[in-house]
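Engineer: For reference, the chains in residue letters:
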Amino acid sequence: MYRNRYFLWGLGITGFFLAVLLLLTVTGRSGRSSGPLSGNRPVIVSNPEDAYLRWHGAGQRGRIVIGISRWLNFVDIDTTRIIPARNPKPLRVTNLAAGAEKQLSARNFLTVAVMNGIAREIIHLVPEAEYPDRAAVVRKGSGARVRDGVISIPYLGTPRRITTVESLQPFDEKVLLYVNASFFRYLQPEELLTLLKSKNIRADDTVLCLSVGDSEVTDGERARLRRFAELLRGGDNDGRT
Amino acid sequence: MTVGRDIAYSRWLLVITLCGALLRFWGVASQPLLADEVGAAFTAVNYMENGQIGPIMPHHPHLRDIVLFFVGTFAGYSPLSLRAFSLFSGILSIPLMAGIMRRLGSNHGTALLAALLLAMEQVHIVFSRQAIQETWTTFLFLLGVYLVLNYQKCGRKPHYLFLAGICFGAGTASKFHALFPLFACMLLCLWFSLRERVWMRAVFELVTLTVLPFTVYVLTFLPWFARGYGLADWVPMQRAILEMMVHHQGNPMDQIIDRQAWQWFLRPMVYGNFVMDGTTPHVTISWSNPLVWLLVIPATAFQAWHCLRERANPSSVVDRSVPLLLFGASYLPLATSSRPIWLLTSLAVIPFAFMILSRTLVEISESFTYGRRVLAVYLSAVVVVLLLAWPMAVGKGTHYGYLAPFVERYRSVMEVVPTDTGNER
Numbered sequence: 001m002y003r004n005r006y007f008l009w010g011l012g013i014t015g016f017f018l019a020v021l022l023l024l025t026v027t028g029r030s031g032r033s034s035g036p037l038s039g040n041r042p043v044i045v046s047n048p049e050d051a052y053l054r055w056h057g058a059g060q061r062g063r064i065v066i067g068i069s070r071w072l073n074f075v076d077i078d079t080t081r082i083i084p085a086r087n088p089k090p091l092r093v094t095n096l097a098a099g100a101e102k103q104l105s106a107r108n109f110l111t112v113a114v115m116n117g118i119a120r121e122i123i124h125l126v127p128e129a130e131y132p133d134r135a136a137v138v139r140k141g142s143g144a145r146v147r148d149g150v151i152s153i154p155y156l157g158t159p160r161r162i163t164t165v166e167s168l169q170p171f172d173e174k175v176l177l178y179v180n181a182s183f184f185r186y187l188q189p190e191e192l193l194t195l196l197k198s199k200n201i202r203a204d205d206t207v208l209c210l211s212v213g214d215s216e217v218t219d220g221e222r223a224r225l226r227r228f229a230e231l232l233r234g235g236d237n238d239g240r241t
Numbered sequence: 001m002t003v004g005r006d007i008a009y010s011r012w013l014l015v016i017t018l019c020g021a022l023l024r025f026w027g028v029a030s031q032p033l034l035a036d037e038v039g040a041a042f043t044a045v046n047y048m049e050n051g052q053i054g055p056i057m058p059h060h061p062h063l064r065d066i067v068l069f070f071v072g073t074f075a076g077y078s079p080l081s082l083r084a085f086s087l088f089s090g091i092l093s094i095p096l097m098a099g100i101m102r103r104l105g106s107n108h109g110t111a112l113l114a115a116l117l118l119a120m121e122q123v124h125i126v127f128s129r130q131a132i133q134e135t136w137t138t139f140l141f142l143l144g145v146y147l148v149l150n151y152q153k154c155g156r157k158p159h160y161l162f163l164a165g166i167c168f169g170a171g172t173a174s175k176f177h178a179l180f181p182l183f184a185c186m187l188l189c190l191w192f193s194l195r196e197r198v199w200m201r202a203v204f205e206l207v208t209l210t211v212l213p214f215t216v217y218v219l220t221f222l223p224w225f226a227r228g229y230g231l232a233d234w235v236p237m238q239r240a241i242l243e244m245m246v247h248h249q250g251n252p253m254d255q256i257i258d259r260q261a262w263q264w265f266l267r268p269m270v271y272g273n274f275v276m277d278g279t280t281p282h283v284t285i286s287w288s289n290p291l292v293w294l295l296v297i298p299a300t301a302f303q304a305w306h307c308l309r310e311r312a313n314p315s316s317v318v319d320r321s322v323p324l325l326l327f328g329a330s331y332l333p334l335a336t337s338s339r340p341i342w343l344l345t346s347l348a349v350i351p352f353a354f355m356i357l358s359r360t361l362v363e364i365s366e367s368f369t370y371g372r373r374v375l376a377v378y379l380s381a382v383v384v385v386l387l388l389a390w391p392m393a394v395g396k397g398t399h400y401g402y403l404a405p406f407v408e409r410y411r412s413v414m415e416v417v418p419t420d421t422g423n424e425r
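Chains as they are written, first to last, in the numbering used here: chain A, 1 to 241; chain B, 1 to 425.
Looking at chain B on its own, in the form it has when it is part of the complex (with noise of 0.2 Å):
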């Protein structure tokens, strides 16, 4: 009976991981190249061949580049092969939800729709089809946390651990909001560790998800030291990359885009993309769909209450609190940022808030008779509007009278801001 499960399961975490590829690969070769692509190919090769951070993006860290270099030299610098580590850590992202929802105790059908959120997210299909690091940190931040409840779970082997802790490097290293659920997952081991009193073990886990992913961290730099640099000169440069990334404001076309992180789960909020495809103008919208991010406070809220109400079961608990530590962690520098945040930097928290929310649905649908009809007719209305609203994010908006008032929306505005390189961002 349960093997019949487990392969039902994979059947349907199957479907939706190729339902969610499908969505991503979908013309994907033909998109034209939007400015920062460009921009990031160019950058890529002047810190790999240089050693020179820059022209764009200077305030982000540099994986990024060496994946675009040896991705560009090797499969040439087409839109495709540009694009793939974005589309394959999109696409993997996929069930890696799902495991991580089975390693924190949820069902089949939680994992499945915890899988299926992220699957149909609009703003994660945006970046897997771009050739910027946002999708792949997404991707390297869930594989540490999915190693690292792979440590808690099945006695605590260490290369679980070390695995988890080259991720959350690689992750940091393309994005610094990896730092978030990486600081989660180390409070977690060291709040085991140090409630069972195993000293050893606690300044193993300690080292693992510190020391070593600031090796890894550092060590994407080697390009730069190779321009004469030594570890003195390091220092004062990452405190001027931090500054920038402090005060970096985006450039000329994102001030006209919401920018409020904290709003993102109280109203729908958008991110767009602008560039001329020979002298046709080409719109990309990434939307939030209201439909799922309104209900993540609620969701959250509801997960907090029973976290409390269950406190005499710790098992419970702990599977509980830890995608509310995850989203807690992740979400709040980020809504109380005083720079702008963009709709863009929400993957580094939606994965976290539809852990919450796939496991709070089923549990509602649980409750009550007809509870899983209500919940498949909830579903079906998410995927329609995520279809409604695709083409959108394929730069496909305007060829469809009910999505063009809202493209030329956007249009209209970035069109006229100059977007010759994003040397700003």
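Same shape as in the complex, but just chain A (with noise of 0.2 Å):
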């Protein structure tokens, strides 16, 4: 009768816990939305944070952005702009995402879609000459790992991962895909476009822009993205970029 009773609490106890590992999963998945957008027919934009406020407009949540540029947009929001420093009395407890939102910038569009559960992960692809620049700056933070041409650097429980074109790995689900002029200075439009194909990269948005107001991009650049643009529309429409 003893050995029955704790088999049984044993057997309930197993299958809460399967129980709950449904529950994440079916949780997981729901968390997912992507809305109908412009799939493989590129929409060009003035400026990065303008792609943040398409996606967030359109409703997109819990989705794979991969951001394809010199610059990794992702500089930290001042907290201490949002979170009171001085004993506040009454306290106003905000949220964060909603004070990210407002300082929302090119140097951070990509944090504040994190932070605002628009991206449930980042994947940077730099050029490859810059590659090893980036690996020299984030091996010295804790927490990064560099393994096959690879950063891996979590940020606050979302994963994010900083490679090249080349070094990425293909993946079946279909991405928020955003492209930079300032990631022409080293490819051309043509090449780039055979990278990505080769690595079957689905998307069911993206954004090129053209970076107006950055002085750092040139005007060559811009019309490289402007012929890549050119390349997307009259490319095949199998769904890959």
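These aren't lab readings, by the way, just hints derived from the structure by calculation.
Please note that a few of the clues may not be correct.
[Stated by the list, open to error] Not everything, but these chain B residues come out facing chain A in the computed CB check (under 10 Å):
{"no.": "1", "residue": "Pro-158"}
{"no.": "2", "residue": "Phe-214"}
{"no.": "3", "residue": "Pro-236"}
{"no.": "4", "residue": "Met-244"}
[As the list claims (entries may be wrong)] Restraint ranges, calculated between C-beta atoms of paired labels, are given here:
{"no.": "5", "chain 1": "A", "residue 1": "Asp-133", "chain 2": "B", "residue 2": "Glu-49", "range": "44 to 50 Å"}
{"no.": "6", "chain 1": "A", "residue 1": "Leu-23", "chain 2": "B", "residue 2": "Glu-49", "range": "15 to 21 Å"}
{"no.": "7", "chain 1": "A", "residue 1": "Leu-11", "chain 2": "B", "residue 2": "Gly-27", "range": "22 to 28 Å"}
{"no.": "8", "chain 1": "B", "residue 1": "Val-246", "chain 2": "A", "residue 2": "Pro-132", "range": "23 to 29 Å"}
{"no.": "9", "chain 1": "B", "residue 1": "Ser-81", "chain 2": "A", "residue 2": "Pro-132", "range": "50 to 56 Å"}
{"no.": "10", "chain 1": "B", "residue 1": "Glu-310", "chain 2": "A", "residue 2": "Gly-12", "range": "23 to 29 Å"}
{"no.": "11", "chain 1": "A", "residue 1": "Phe-171", "chain 2": "B", "residue 2": "Trp-262", "range": "31 to 37 Å"}
Built from N, CA and C at the ideal position, the CB exists for glycine as well.
Two independent chains are provided; combine them into the complex using the hints.
Structural biologist: See below:
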């Protein structure tokens, strides 16, 4: 009788464990929302933060965002402007994501996208020529791992990778794609398109950014971005970028 | 006669608990919120509404975020409501200490002494008055230990161990050091079952003290999963959190405060918090009472020696060795850690240290004439020292001339360190 009792309790606990795993899996899947966007038809925007506004407006949630740019656009938000430093009376607790949105800029639009739940994972694709500098810097930070040409640097529970198009491992899920004109300093549009196709990257929104206010982006790079847009528009329509 | 003793014991325990409650509640509603507490409230909302961890203490688990969010939502983000769970769990830990000692076969006096030592402990008082997870982690693992002992001593009824598994899971979901007593309790249960060759019971105990706490722990990540993650994402995220915890060096203010866990019981140590309350500096200092803490290592040696001497009587050895096992399992990982461990984390260890100490003090006092009087004098000294130092625990140290130089020593250093958000904690 006692043995049966222990067996039944053990079985119940195992059942509870499996039910919790199921609950978490279902919750995770229902946390992803991808409304109809441009698909493989690119949208050209003037500034990086326009990409955030577009995704936010379209109700995107829990997405993988691929940012192809010389910049990471991942500067931390200034929490001291949201969380009071001195003993406040009374304490008004506000949502940090809403506060972060008020600080939206070109430098931090991907940080804001993470904080607002649009991005559940960020993959930064930087030019191959600049990757070693990135790796050299982030190696010094704790929590970062560099392996096989990929820097894994999670941000407060959000997976984040910095790598090159060449080192990116193919994956199945459709992504939100952001391409900045600055990336074309090193590559021709045709080369980037070939690389992306070889990695089977599929996007259900492609935002191309001219970075009009950025003095480090040249007119030549912007012209190449426009040609990249033409290539995408004229490309096959099998859903791949 | 026994009933009369039980009533007297209950009354004394009530008095000690009420004294402990008074020391913890006094002025708590008007004590300014510290940077950690303000940050914890924002972090709770960030976690529950956005599913994102941080910005403060991102390396700690998330039960604190869930509790503070619900408390804040239903009772408002006032200092008292935010601190309610810490106060509640801090006060309840006092009778729980006595309950554990009684389950370990101690007499009434030993149980009351263990409760008194915790009630009069300044580190425990300070963190019962803060809206962070320190005292409730202690409460949850103490409740888990109590339930495991109930399971062992009351016919091994499975529901006791089931409840213990939930408590340890909730404790681990508050702070990882709850894993240490969990591990000790698992060893204890398995040792009995394997020795008696009751295999099904051993499997049940293993499942209840591994799978169940893990289930509770992982369940607290539900808001994070709601961001769109799957189980495959959870494992690397845990690895990143553990890495953060292993490399954690504290915020700038922590750098000037004692942070060597191996010295806890060798010299008096200090942990401090500083915040500006309007234009007035508010310094809270928790200080290890040397009259108590410096006796822990000799008491541990005394109990270990008695274990060896009494090994012919297994029942006595088990009761005596359980606090030693819990103390060793909880303290050794912290004492040998290569990263800084601050005095606030001693709440993972001191309940077990006080169990050992109370037993030792009572046994020694009973071994010679006038022993009880000597013990009474000692306890009076402990209480007097606590009462003299207590204003520092509630941020009033600067109001008392004899404490002012001590408080000033920490304030002057802490004030120059930026304390804006506690972002790095």
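Engineer: Now tell me if each hint is right for this structure.
Structural biologist: Status of each hint after checking the structure:
{"no.": "1", "hint": "Pro-158", "verdict": "holds (4 Å)"}
{"no.": "2", "hint": "Phe-214", "verdict": "holds (7 Å)"}
{"no.": "3", "hint": "Pro-236", "verdict": "holds (7 Å)"}
{"no.": "4", "hint": "Met-244", "verdict": "holds (5 Å)"}
{"no.": "5", "hint": "A/Asp-133 with B/Glu-49: 44 to 50 Å", "verdict": "violated (37 Å)"}
{"no.": "6", "hint": "A/Leu-23 with B/Glu-49: 15 to 21 Å", "verdict": "holds (19 Å)"}
{"no.": "7", "hint": "A/Leu-11 with B/Gly-27: 22 to 28 Å", "verdict": "violated (51 Å)"}
{"no.": "8", "hint": "B/Val-246 with A/Pro-132: 23 to 29 Å", "verdict": "holds (27 Å)"}
{"no.": "9", "hint": "B/Ser-81 with A/Pro-132: 50 to 56 Å", "verdict": "holds (52 Å)"}
{"no.": "10", "hint": "B/Glu-310 with A/Gly-12: 23 to 29 Å", "verdict": "violated (39 Å)"}
{"no.": "11", "hint": "A/Phe-171 with B/Trp-262: 31 to 37 Å", "verdict": "violated (47 Å)"}
Violated hints for the displayed structure, listed by number in ascending order: 5, 7, 10, 11.
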